[in-house]
Amino acid sequence: MNDIMGEWAFFANQTFNGLSVASILALVAVGLAMSFGLQRVINMAHGEWLMLGGYMAYLAHQVLPLPLYLLAALPLGFVVGALAALLLEVAVIRHLYGRPLETLLATWGVSLILQQAARNAFGPVGVEVAAPTWLAGTIHLGEISLLGEISLPWVRLFVIGLAAAALMGLAAFLRHTTLGLQLRAVSQNREMAASLGIHTRGVDAVAFALGGGLAGLAGAALALIAPVTPTVGQSYIVDAFLVVILGGVGSLGGAALAALLLGLTSATLQGLTSVSLAKVILLFLVVLFLQLRPRGLLPSRTRALEEV
Amino acid sequence: MQRSLVALLLMAVVLTVLPFLVTPYDLSLMGRFLAVGLVALGLVWAWGYAGILSLGQGIFFGLGGYAIAMHLKLSALSPGELPDFMVWNGIEALPWWWAPFRNPAFAMSMAVLLPATLAFTLGILLFRRRVTGVYFSLITQALALAFSTLLISQQGLTGGFNGLTNFASFLGQSFADPIFQRGLYWATALLVLLAIGSSLALRSTHFGLVLRALREGENRTRFLGYDVALYKAAAFSLAGFLAGLGGALFTLHAGVVSPAFVGVQPSIEFVIWTVLGGKESFFGAVLASLLGGFVRDRVSSLFPDLWLYLVGGLFVLVVLLPALRSTYRKGAKGVQGHGRLPQGRRA
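Order-wise, the sequence lines are chains A and B.
Numbered by my numbering, the letters in the first sequence go through residues 1 to 308 in order.
Numbered by my numbering, the letters in the second sequence go through residues 1 to 347 in order.
Think of the hints as simulated: they come from the structure by calculation, not from any bench.
Where a beta carbon is used, it is the ideal one built from N, C-alpha and C, also for glycine.
Non-contacting residues of chain B with respect to chain A, defined by C-beta distances greater than 10 Å in every case (computed): (1) Leu9; (2) Val17; (3) Leu21; (4) Pro24; (5) Ser28; (6) Pro79; (7) Pro95; (8) Trp98; (9) Leu113; (10) Phe180; (11) Leu190; (12) Ser198; (13) Leu224; (14) Arg296; (15) Leu302.
Just some of the chain B residues that point at chain A, by a computed CB distance under 7 Å: (16) Arg130; (17) Val134; (18) Ala146; (19) Ser153; (20) Leu324.
All chains, full assembly: derive it from the sequences and hints.
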């Protein structure tokens with residue numbers, strides 16, 4: 001009986017960890033889904049905004065007193081991620097619209113450069129950021145639940161809450177602001193939006209920066225639960241693209257849903273097998289799923305014959 | 001066609017005499033980069049001709065490499081003995097799927113058949129459901145990541161992070177023997193020439209024409225009655241075959257195969273050689289792999305930190321320069337210069 005309860009608790013903890021990883025993944029993937037849906041841009045350097053956000057949290061942690069640094073680190077992560085994305089958009093992406101595979105290669109190059117730069121600036125070893133004291137504890141559910149000892153670290157709850165808040169903020173932005181409306185218009189029909197007087201190039205840049213900002217924010221949050229290394233972005237980017245494919249390219253809701261699904265499935269599989277085997281099985285499942293729904297969970301409908 | 005033949009002959013002459021002109025170290029490097037050239041050649045077929053960009057060629061490269069490496073490991077042992085890393089990992093009996101690789105003919109055929117079959121199966125599965133373009137690229141990339149993670153984690157079966165190394169001999173010839181090294185190089189050069197030659201021939205067959213047709217307009221080709229998925233899977237399978245061959249040869253030259261050669265990063269580097277060579281040029285793919293390989297060797301031994309900046313910059317320039325050029329050309333013609341729209345050209 002005890003064994004079964006122990007296993008339940010193990011799975012519950014595993015699920016909870018999966019949820020916190022999924023929320024980081026969702027923040028990263030939504031930006032990717034946005035730039036893909038809107039501009040048909042594959043940004044392989046997107047993971048590096050995550051890395052930048054993480055290092056911003058580290059810098060804030062070095063400079064500011066412990067209880068408060070997080071309040072500065074999160075906006076800093078967002079702003080730096082957004083600025084870096086904007087810079088990339090202006091310097092490189094702008095010239096490559098309509099050529100997804102080319103953007104993939106060019107931004108991969110940018111990501112290699114940024115990784116090496118981070119390695120030179122911060123060293124090859126990961127840096128750790130301690131959570132502020134007000135986030136240090138854990139909630140023990142051992143007494144109230146019948147499942148056995150379940151402990152939820154506050155930090156992970158904070159990350160989940162942050163991701164949820166950021167995604168809701170994004171949804172509100174898209175629904176209730178003029179810029180959000182223009183963004184949706186451009187993603188549905190670029191030519192029509194342009195002829196209605198929407199400055200599509202400006203909208204592209206905003207969307208790109210917004211995606212970068214969300215990834216930077218995710219990076220600052222990630223610093224709380226995992227070490228930040230120069231290659232941390234790379235370890236997320238492939239998964240994030242998988243999320244975008246699974247969710248239905250261009251669909252933000254699909255991306256969030258897929259991140260959740262992928263994060264939870266992967267956590268469960270990791271509980272059953274090993275981490276690496278879980279990755280392989282997960283990929284197998286995704287390919288199988290694409291046999292059933294080649295356009296993902298929530299595909300955006302189109303009548304176009306040729307699709308990119 | 002005439003010009004290609006002359007170029008092929010010229011290349012044959014240069015590749016044949018080179019062993020007498022360069023140091024043994026550089027010769028071994030040449031062999032490795034020629035092997036990489038085969039992978040790039042495969043990408044010319046998949047990407048340049050069929051319009052499929054695979055970011056997972058490392059998988060096929062690795063399958064070829066591991067197949068040969070398993071044979072090299074086993075051939076050095078007497079029956080009943082286990083490879084050293086299996087002993088260290090507490091494995092007690094040789095896994096059943098290792099055993100047949102003791103036979104060199106089996107190992108060599110598996111080095112190309114495994115990747116070709118896997119590529120075909122994967123291609124048919126995805127292309128039938130019209131998973132194309134970017135989606136396909138991203139899935140192959142994820143596969144490359146999964147494959148390298150799997151290799152690293154199954155230490156007792158694959159040698160884990162260190163891979164398979166410490167080979168003594170191949171087909172009874174010692175690796176230390178300079179004559180064997182030279183022979184290996186010539187064999188590699190011969191295979192590369194053969195691959196280029198047969199690619200040139202294949203290009204002008206019906207198969208080659210259909211591939212180019214579907215690259216230009218997949219739906220039009222479909223409406224003409226061609227089984228597009230089948231043609232694409234065949235091209236992808238050809239690319240897998242060549243990558244497997246390249247991996248096997250590379251492993252023989254380098255004396256090691258490890259997860260470092262099969263993950264996302266090497267898979268994408270194969271692509272850069274193809275782009276640099278011009279993605280429809282068989283010669284270009286091989287030459288770019290050769291030159292790029294040497295530049296990489298020299299740069300990373302002199303300035304270890306510089307290589308990633310260099311290759312990163314290369315990626316950006318190779319893509320950005322042609323795009324900028326076409327934008328300016330358009331501007332000069334007075335076409336409204338707001339770039340290409342998403343519905344424009346298919347990459």
